[in-house]
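Asker: Spelled out, the chains give:
Protein chains: 2
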Amino acid sequence: MKHGGDLITYEDSYEDELIDFSSNINPLGTPDGLEEELIKGFKSLNVYPDIQYRRLREEISKYLNCEKDQVLVGNGAVEIINNFIIDSKRVLVIKPSFSEYEERALANGKPVRWIFYEDDFTIDIGKIEKEIKEDDLLILGNPNNPTGLRIEEDILIQIYNIIRKKDAFLLLDEAFFEFSPIDYDSIEIFKKYEYKNIGIIRAATKFFSLPGIRLGYGCTNLEKVKSLREVELPWSVNALADIAGSFIFKDKEFIEESRAYIDRERRFLLDELEKIPGIQAFETHTNYILIKLLKYSEEEFFQIFLKSGILIRKCNSFEGLKGDHIRIAIKDRSNNERIVKVFKNLEK
Amino acid sequence: MKHGGDLITYEDSYEDELIDFSSNINPLGTPDGLEEELIKGFKSLNVYPDIQYRRLREEISKYLNCEKDQVLVGNGAVEIINNFIIDSKRVLVIKPSFSEYEERALANGKPVRWIFYEDDFTIDIGKIEKEIKEDDLLILGNPNNPTGLRIEEDILIQIYNIIRKKDAFLLLDEAFFEFSPIDYDSIEIFKKYEYKNIGIIRAATKFFSLPGIRLGYGCTNLEKVKSLREVELPWSVNALADIAGSFIFKDKEFIEESRAYIDRERRFLLDELEKIPGIQAFETHTNYILIKLLKYSEEEFFQIFLKSGILIRKCNSFEGLKGDHIRIAIKDRSNNERIVKVFKNLEK
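Top line first, the protein sequences correspond to chains R and E.
Be aware that the first sequence starts at 9, since it is given in this note's numbering, and climbs by one per residue.
Be aware that the second sequence starts at 9, since it is given in this note's numbering, and climbs by one per residue.
Please note that a few of the clues may not be correct.
Since the list gives no way to pick out one identical chain from another, each pair is judged satisfied if it fits inside one copy or across any two copies.
Said to hold, decoys possible - Lysine-lysine pairs mimicking DSBU-like chemistry, simulated, CA-CA at most 30 Å apart:
#1 Lys76 x Lys303
#2 Lys118 x Lys204
#3 Lys135 x Lys283
#4 Lys70 x Lys51
#5 Lys258 x Lys173
#6 Lys173 x Lys10
#7 Lys260 x Lys315
#8 Lys234 x Lys10
#9 Lys349 x Lys51
#10 Lys118 x Lys10
#11 Lys322 x Lys51
No lab work stands behind these hints, which were simulated from the structure alone.
Please read these numbers as outputs of a predicted model, since none were measured by experiment.
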């Protein structure tokens, strides 16, 4: 199980429809009016998307509050990450993290080195300083998947300074940005540096509930944009993702409501999980929770939940977690209550 | 102008809506019922596409008449071509041809060598035999873009035999397959070899009028499928392309009608263009026509048509055409008559 959300593989394991706690999508769904917008956009399927994605990049630049020419778009965040990797010499990752960082590097024949997060999933800056070399691409999840933690602002700035000093490159994968508490915005922080030696990637996938539409975006410095342009596939963003991206970011109400909703449900789930013996739920800045299993194996746990109609994410594919962790999504209240009930039944 | 279909760049050059003769899309549009199918599929935007594309590959295997496990899918044909390139050591192309063959090779740091088509745009097999080395990837458009010609069956088999003998790999880009006369089907021809040393790529883009949805597909041998799996981006085909691909190939009536329509319009346009002095229109097996300009420059020609509200494709970005060719699409009768009128007015 390399990725969550693979319902089809397990669909025959349960008589009714499986509830997917293995992938992390906003329980409030998509902004109102998107369907109508997409239906209006069907006629655009007959023509090529704008190869320069002018309107889309304009809308994203307004949402991110950066220059239009600094905007990147791609077929999901993972394609943009892949492009940065192609355009780099060597990749450095901190584990456990999204497995594609390393896999895309290997697929593109780039050497990969890795270090590990500390036991509390924070970063030891000394380790980065020791390991990073000129032209290296350091990829950090912020918040990180599956650990759920966001890098603290002062730590992030210290890391960036090391990157600048060594003339390496920092790639922040912020696919879960909008779920995080509003403390800092990396796009604001690094604006004054004109994103020199840094790229920041976000996505419509998680917060706007659009994993199927495939829309990743981000920003970086103009020189890097130009150099990535040589690597990018033409027309990589499909016409409906183009339309969706020109629509969803304007819905401030959806954004506020979703943040508040996830905040509340995150508190609810963490409070409930704290009462469950035999597990340790970690604090999170995202819409998922990493759980350490103190008495069970991942597979035992996976099967128990599958029998209750719930697909959870085993974390054995994340190197650095030693096969005793699972990850669950934060969903709507009724589903969250349902999964809590299964946890409570564990002891019986 | 690296690619056709870039209407936005020229939209202010003409007071009314520009007619796009620069990209080659089936004038009959998409199969009936597709819109309803896509609307039903909106709910699937909230979930990740099946990471293995099981249903889609099943439907494509039926359409292509190959094994399900031999099927490849991608975010447009160009992504699949790109994957073959990543998975190769060196690339050989014959020019003039689709510029992305060479550009994707360069983007991925692969050495590229090239030879040229003969003056009549046929292939000199001796040149291939001389140039091809073990592990090389030879990419051939079949029919080729922008020349419009399909490789004759016996020539194709001779090329394949050379490829086998040298243990190289042949990649046929058949994005325009369905527009061609029904003489042979390369998927049938190479079935008995289990697609050893060969891959065949097709697309929904041109014939099914879906450039916006981004769906390429193809087939190759099982070993290559496995090796490409390591290179492919996860979820590269979006959910609506997945749905479209499970729908459009069943519409045999659309396929028959489109073939007949293009046949008729191809004849009409070629007959009309033959009467125009100062140009030479080449025979074609596709839905576009390459035209050599005997008295005009490409830019002059481009501007004349732009002033008449028609966007044509300059061919100066195709190496091997010496800057004196244009390419026009074959469209519906009323648009074809419109472009013929502009040609006829040239002399006045």
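Asker: Now look at each hint and say whether the structure bears it out.
Answerer: To see whether the hints hold, each was checked on the structure:
{"no.": "1", "hint": "Lys76 x Lys303", "result": "neither (51 Å within a copy, 42 Å between copies)"}
{"no.": "2", "hint": "Lys118 x Lys204", "result": "both (22 Å within a copy, 28 Å between copies)"}
{"no.": "3", "hint": "Lys135 x Lys283", "result": "neither (35 Å within a copy, 75 Å between copies)"}
{"no.": "4", "hint": "Lys70 x Lys51", "result": "both (26 Å within a copy, 28 Å between copies)"}
{"no.": "5", "hint": "Lys258 x Lys173", "result": "neither (38 Å within a copy, 59 Å between copies)"}
{"no.": "6", "hint": "Lys173 x Lys10", "result": "neither (35 Å within a copy, 39 Å between copies)"}
{"no.": "7", "hint": "Lys260 x Lys315", "result": "neither (39 Å within a copy, 43 Å between copies)"}
{"no.": "8", "hint": "Lys234 x Lys10", "result": "between (32 Å within a copy, 16 Å between copies)"}
{"no.": "9", "hint": "Lys349 x Lys51", "result": "between (47 Å within a copy, 28 Å between copies)"}
{"no.": "10", "hint": "Lys118 x Lys10", "result": "both (20 Å within a copy, 29 Å between copies)"}
{"no.": "11", "hint": "Lys322 x Lys51", "result": "between (42 Å within a copy, 26 Å between copies)"}
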